[in-house]
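The sequence shown begins at 114 in our numbering and counts up by one.
Everything labelled a hint here was simulated from the structure, so no lab data went into it. From a predicted model like this one, the values you see are computed outputs, not experimental measurements. One thing to keep in mind: the hints can contain errors.
[As the list claims (entries may be wrong)] Ranges between beta-carbon positions, derived for each pair: (1) Gly188 x Gly260: 36 to 46 Å; (2) Asp243 x Leu194: 20 to 30 Å; (3) Glu190 x Ser349: 41 to 51 Å; (4) Asp357 x Met207: 50 to 60 Å; (5) Gly369 x Asp220: 48 to 58 Å; (6) Met207 x Gly369: 52 to 62 Å; (7) Asn278 x Ser349: 20 to 30 Å.
All C-beta atoms, glycine included, are put in the ideal place defined by N, C-alpha and C.
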Amino acid sequence: MTTTVATMQAVFGADTSGFDAGLQHVQGGLTGLVGSVGTGLENLGGKITGTALKFAPLTAAAGAFGAVGLRAFTGFEDRMLEIQARTGATAAEMENVRQVALQMGADTSFSATDAAEAILQLMASGYDLDQTFAALPAVLDAATASGGNLGMTADWITDALAMYNMEASEAVTVSDLVARAAGASSAEMDDLFMGLANVGPVADQFNIPLKDSVAVLAAFSERGIKGAEAGTQFKSMLTNMTRDTADVTAMWEKLGISMFDVTGA
Numbered sequence: 114m115t116t117t118v119a120t121m122q123a124v125f126g127a128d129t130s131g132f133d134a135g136l137q138h139v140q141g142g143l144t145g146l147v148g149s150v151g152t153g154l155e156n157l158g159g160k161i162t163g164t165a166l167k168f169a170p171l172t173a174a175a176g177a178f179g180a181v182g183l184r185a186f187t188g189f190e191d192r193m194l195e196i197q198a199r200t201g202a203t204a205a206e207m208e209n210v211r212q213v214a215l216q217m218g219a220d221t222s223f224s225a226t227d228a229a230e231a232i233l234q235l236m237a238s239g240y241d242l243d244q245t246f247a248a249l250p251a252v253l254d255a256a257t258a259s260g261g262n263l264g265m266t267a268d269w270i271t272d273a274l275a276m277y278n279m280e281a282s283e284a285v286t287v288s289d290l291v292a293r294a295a296g297a298s299s300a301e302m303d304d305l306f307m308g309l310a311n312v313g314p315v316a317d318q319f320n321i322p323l324k325d326s327v328a329v330l331a332a333f334s335e336r337g338i339k340g341a342e343a344g345t346q347f348k349s350m351l352t353n354m355t356r357d358t359a360d361v362t363a364m365w366e367k368l369g370i371s372m373f374d375v376t377g378a
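Required output: the full structure, derived from the provided sequences and hints.
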């Protein structure tokens, strides 16, 4: 196969069966794992369908505020104001955002303020309202599985989507791949997301898809290399492969791989 890296091409004629077998083993573990993450949110996912939303009455929350509830409400309103200020959402869009956040606060273990923070992160990443609502179930799944907060999880997922040139509708793919990798290895979801943050842009230049990147990071975790450090090690490994040095050239030749630039030289 031919892999384009910046202005160089590597024509692979090496016997990579050992590496391929190892990678397939990791991916097999991910594929074979029956993911139960997010099943408790299935009903909520069905409710969020673009702007055509159906909501249960929220009157139960009225009159329930003590001092803590009042502070939470103030924090929620601050998030609403920030969303409107940073995204320029219309009044109608803000009403949809408000209702979705309140419903999430009622239906999940997260607060309405947490939900508003996730919505803020998604919309601040350039997602429109439909894209934001489409990505929310995946963010909930990942945050529930990782034990992280919704805002940070939303940021991680949108970063992964951007780094690997994926659509907002593929947020569930990101959540599922990372959850399965964490379940099939000693890595936590946080570790994998931090690793992706470091290696993602370089891996994409090498045409390494998200699923393979996650599989490699999961394999690294089995050797005690986790989190941002795993991403840094993976990135260094890839970038070192293109260095024009005698040692690197000798290794490529040993593997049966020839390197040449776009002119064929």
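Results of checking the hints against the structure:
no. : hint                        : in the structure
1   : Gly188 x Gly260: 36 to 46 Å : 21 Å, violated
2   : Asp243 x Leu194: 20 to 30 Å : 22 Å, holds
3   : Glu190 x Ser349: 41 to 51 Å : 46 Å, holds
4   : Asp357 x Met207: 50 to 60 Å : 54 Å, holds
5   : Gly369 x Asp220: 48 to 58 Å : 57 Å, holds
6   : Met207 x Gly369: 52 to 62 Å : 60 Å, holds
7   : Asn278 x Ser349: 20 to 30 Å : 23 Å, holds
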